[in-house]
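This is what each chain is made of:
Protein chains: 2
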Amino acid sequence: MKPKVSDQPRGCNRAAFLQRNSDPGVLGQGMMLSAGNGVPSFTPRVVLELASDTKEEAITWLLSRIRDTQYNGGTELLVEQLGPGADAQEKENPNMFLVGATWQRLLSGAEDLGLFKEFNDGSMRAFTCANKYNFKDFKGDGDSFLSTAECQYIIKHELDTLRAKDETHVPGLSRVKLYPGKSVIRRLLSKGILIQVFPLHEKEELKRLSFAWYKKVKLSFQPLEDIRHYYGEGQALYFGFLEYFTFALVPMALIGVPYYLFDWEDYDKYVIFASFNLVWCTVILELWKRCSSSLAYRWGTLSRKKAFEEPRPGFHGVLGFNPVTGRQEPLYPNAKRQLRVYLVSLPFVLLCLYLSLYVMMIYFLMEGWALSVHDAEPTFWTGILCFIPSVLYAVVIEIMNLIYRYAAEFLTEWENHRLESSYQNHLVLKVLVFNFFNCFASLFYIAFVMQDMVLLRQSLATLLITSQILNQLMEAFLPYWLQRRRNKKMVRKIHKGKTLEDQELPLANQVRLEADMSTYLGTFDDYLELFLLFGYVSLFSCVYPLAAVLVVLNNITEVYSDAFKMCRVFKRPFSDPAANIGVWQLAFEAMSVIAVVTNCSLIGMSPQVKAYFPDSDMQLILWTVAIEHGLLAFKFILTFLIPDVPKHIQINLSRLEFESREALKKKKILEASEVTKAAQ
Amino acid sequence: MKPKVSDQPRGCNRAAFLQRNSDPGVLGQGMMLSAGNGVPSFTPRVVLELASDTKEEAITWLLSRIRDTQYNGGTELLVEQLGPGADAQEKENPNMFLVGATWQRLLSGAEDLGLFKEFNDGSMRAFTCANKYNFKDFKGDGDSFLSTAECQYIIKHELDTLRAKDETHVPGLSRVKLYPGKSVIRRLLSKGILIQVFPLHEKEELKRLSFAWYKKVKLSFQPLEDIRHYYGEGQALYFGFLEYFTFALVPMALIGVPYYLFDWEDYDKYVIFASFNLVWCTVILELWKRCSSSLAYRWGTLSRKKAFEEPRPGFHGVLGFNPVTGRQEPLYPNAKRQLRVYLVSLPFVLLCLYLSLYVMMIYFLMEGWALSVHDAEPTFWTGILCFIPSVLYAVVIEIMNLIYRYAAEFLTEWENHRLESSYQNHLVLKVLVFNFFNCFASLFYIAFVMQDMVLLRQSLATLLITSQILNQLMEAFLPYWLQRRRNKKMVRKIHKGKTLEDQELPLANQVRLEADMSTYLGTFDDYLELFLLFGYVSLFSCVYPLAAVLVVLNNITEVYSDAFKMCRVFKRPFSDPAANIGVWQLAFEAMSVIAVVTNCSLIGMSPQVKAYFPDSDMQLILWTVAIEHGLLAFKFILTFLIPDVPKHIQINLSRLEFESREALKKKKILEASEVTKAAQ
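As you go down the protein sequences, you meet chains A and B in turn. For the first sequence, counting from 1, position 426 maps to 426 in full-length UniProt numbering; every step adds exactly one. For the second sequence, counting from 1, position 582 maps to 582 in full-length UniProt numbering; every step adds exactly one.
For reference, chain A alone in the conformation it holds in the complex:
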């Protein structure tokens, strides 16, 4: 099947690696020490950090298992211990290991993973070693065919699928039990032996990327291809969505500006704006699906089949046999999990929502009291008093959010989901609902209970602007400042008195520095922020048309701060070959459905509309409800009518499938006719 690969003996590219290692841009000047003395003889891609008190026996076993051939159940990866830094301290953890792989191994890993690469004819096909010369960018074995993100992803996957054989426990660590066929790395992670696995930054590439991305302030698209190249598809999709979302809001912002400038308060103009908004929200969400599948097709994740998901590291249960794989693994009855979800988590979430409602009511009471005090006897101090409830409320909400977040993580962990994806979905749902409630409950109260449109507009503006500013500060500048301090300390420690750039740190120090950086926890918070902004724009758009303008401005700075955060603040994350934005698409769509309801009610409640039905409130409400139902129906029909995948990509996908079927059929007929001939 793969004669071309095996024609060349394995490891023949060592010269290339040595040369690569001695490249000053990659590993720093003068770092080419002899192998075994702290610096590896291959391009290091991923770092494994074991607990500093891990027994030697366990380490030896793990390394030999990683180095063993695939035929013997190993991974055939290259792994070496990281030497001490230039200024070694006793506190330093000695058990840091660098992992790399030969090109042969990476290519065969890419085939195992079913990575899609561009074929000679421009279509995307699953990479196979037998066919490698037919792929567009494949020039030799040591070329840039695979991006560093892909190499790291392959190595991570290979490490993850390193399975226990007949060992019953980790040698030297009898408490860490192993089950045949289960992932060793996940077991070590869940037992705390393995502290972390992270991919290394590549200084030169990162410098180029950050220059193209955020260092020059200019009007241009983000370098999505480069982002994907360096961080993988999941990240690139987030930034693609951020960019798309910003552009999609521009028409709404443009239409919103004159409302602000000319102080339009006519009901018919608001109706026009709100209707446009509702249709527009539906259209942009549908078009994003098309856009996202175009990107995913171009990046080869659209039709890639997901590998079998392993249980997440924290999953526990009674030992049994997995009905799918037939392997021994802990099982946990689904019914029990459902009970936990519906009898504990759901009531807890509802209780928290009730609590949040309660806090909100207290806030309104306090504000009413402060206002009455101020109105009775207005002084400077009562003026300040008026601000206190808002500030208190904002602080309490922040604290509640934090506590709830921990509680949600704890509960979701306790629900004991087998798969990471199911864990993520449950966590996202919990956090989403609570955040939605916290952000918008007061606005809903003002809009529908107090029915005070002026106050609604004020609160909306205040909330939107303060949350934007706070977010930008909390998200990027605070961690950066902390990181910078740590960084400087390390540089100072090594080159006492000298002022040097980061990139001239020796490899060992660089690795340790990266190991200490904060871990990027995925795109969750970034999407959540966009989701809430979308809520501000869509839910009450007919009251505050300027919201879109503010969000557009925020998004433009968000691009820069997020980019900066990714490049400078966090550890490099493993790439995540996502094909779409997942559960967030659903969340945004749900928001746009709620927006139809709120906007229709707001318009129905406006005094100008009420003036049209002077005699009968009933008529007014019936009309409002009828129009709302019509809009909802229209939304669903629109969603149904716009195909999720653009025509030309559908054609490409069907062509690939057609070709593979035809080839199979032809092969079968040929074989049958040959056998018939031979029999005659």
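These are calculated hints, taken from the structure and not from any lab test. Being a predicted model, the structure only gives us computed values, none of them experimental. Misleading hints may appear alongside valid ones.
Each pair may be met inside one copy or between any two copies, as identical chains are not told apart.
Claimed, not checked - Straight-line distance between alpha carbons at most 30 Å, and here's what the computed BS3-like set of lysine-lysine pairs gives: (1) Lys336 / Lys289; (2) Lys489 / Lys132; (3) Lys136 / Lys665; (4) Lys306 / Lys666; (5) Lys306 / Lys665; (6) Lys139 / Lys668; (7) Lys182 / Lys647; (8) Lys489 / Lys305; (9) Lys668 / Lys156; (10) Lys55 / Lys182; (11) Lys306 / Lys165.
Given the coordinates of chain A, assemble chain B onto it according to the supplied hints.
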């Protein structure tokens, strides 16, 4: 790849066929004449009827193409001309051909189609000839491994994929152009050369099936497996749905009876009934998805990949290259089709709906006038006059339905859809909307404009009962009566004076008799009927709780009349390996959403509820709307929470995929290590 198949020379089972043919149950007594004398030397499965004036040259060419080996682009099927009947007439079409196939050919056809059969371990797998002995019911080559429906489906598929090679037109018929790679049979059908292709009934099997199905009146489930065996999955799914639907309505019927018996008119009881109804409708539709996927899994259609759809016979356009297959075929720009759909069909449908509304208004005017005449001076004649508007309206609606149906078919044909499925979807949508409107517009008018609940209940009962009776008559008994007359005539003609059973007709006469039977046009009308019944039950359930009882009774007789119709009235249809009920699932779900809206409004309008809000209509409406929105949200969440495929089937499916991946991986690693060893 397939050594076992080719070990045995092809055609070695002729003895088995001869024996099969001489079996009196299959072909009738004394029918085993020598081959070539009208009766074929193989089991005939499918009949091709060519136009009686087709040139001999074209027939010869077609037969040789069908008989040619697959290697040469033929189908390797067996085909012979049908001889004259026992009482041949000049009017008879001589160009009737019987098609059959060897078992080898059928098995390799099953592999081509990717038919799923039960494996030794109880799971369903795609059949492959190489693996045939590992399938559960496979005992030899001439066994009952494939059902007759499957054999016929395979033969139809093989005939359909008989493609033109380098011929530019059909020999002898220069007007029938051929394009390389396009289906010959479809071309002949669209040009009217081929009149029909239909599968033959199998008298013995049909007798057994009809006995188990409808001949004994008993309380038991339908023989779904036998139905599937004889008619294929599409039919069996329809009958499965009919049965499921009937059972699902039983709880609603049981709850509805006391309302009728005790004349309950309390608002709270109605609210309970309506709420139960709404939740129940959602639940049964969701559970049907699970049920349907269980059936489809058992029948092996759930995970079968659809073959490439060919353009439908009527499709025309400018010659070009298909972007998927690269073959030359007529192309028709999508934009042009969209224009036709949105600028002609859509306005036409809306116009028809308007017309139907107009007719309805005339009906109400006439009825009002008749009532006023009757009230002014009640005599016997004015009493009759009161019925005239209803009768007229019913007749006009029937006529409009008929005309509209033709118009819809014409329009959908004119829209020039490339695929049969897309044609069907557009047709179903058009007919559905109009029928929905015709059936329910008057009820909506009575309910929401006249707000007369007593009249609503009366009209609902009248419409439901009359439509049921009419349907049963029109659908089964009328065609049966016509068929019976034709049948008797033929029997009388042959056995002058003798009274004999149908099955003793000679093969040639039997085939000609079947060719004259009405063609079964698919499950469309059957589903449409169920859809409208579902509407009667769900839309106004809180007004007329007895509707469910009536529908249950109707469905029980419907099972018998549909079964009877399938077995005795219509030509046998080709089996259709459906995995679900397709667009009808969507239609039923849409109906259940509309039901939430109508029921909430009906309850909100009821005087008892109004009495709860004596002061403010507004409060009442706001509450109604809020509850309606809550119910809709609950419905969507429920739909989302109930998984569409039962857990154990999901596990089975993933296990199959896991096994095939593991096998592939193992094969790859083994090969790689062998090559490495050889190199050393």
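- Query: What are the numbers of the hints the structure violates, in ascending order?
  - Reply: The structure breaks hints 2 and 8; every other hint is satisfied.
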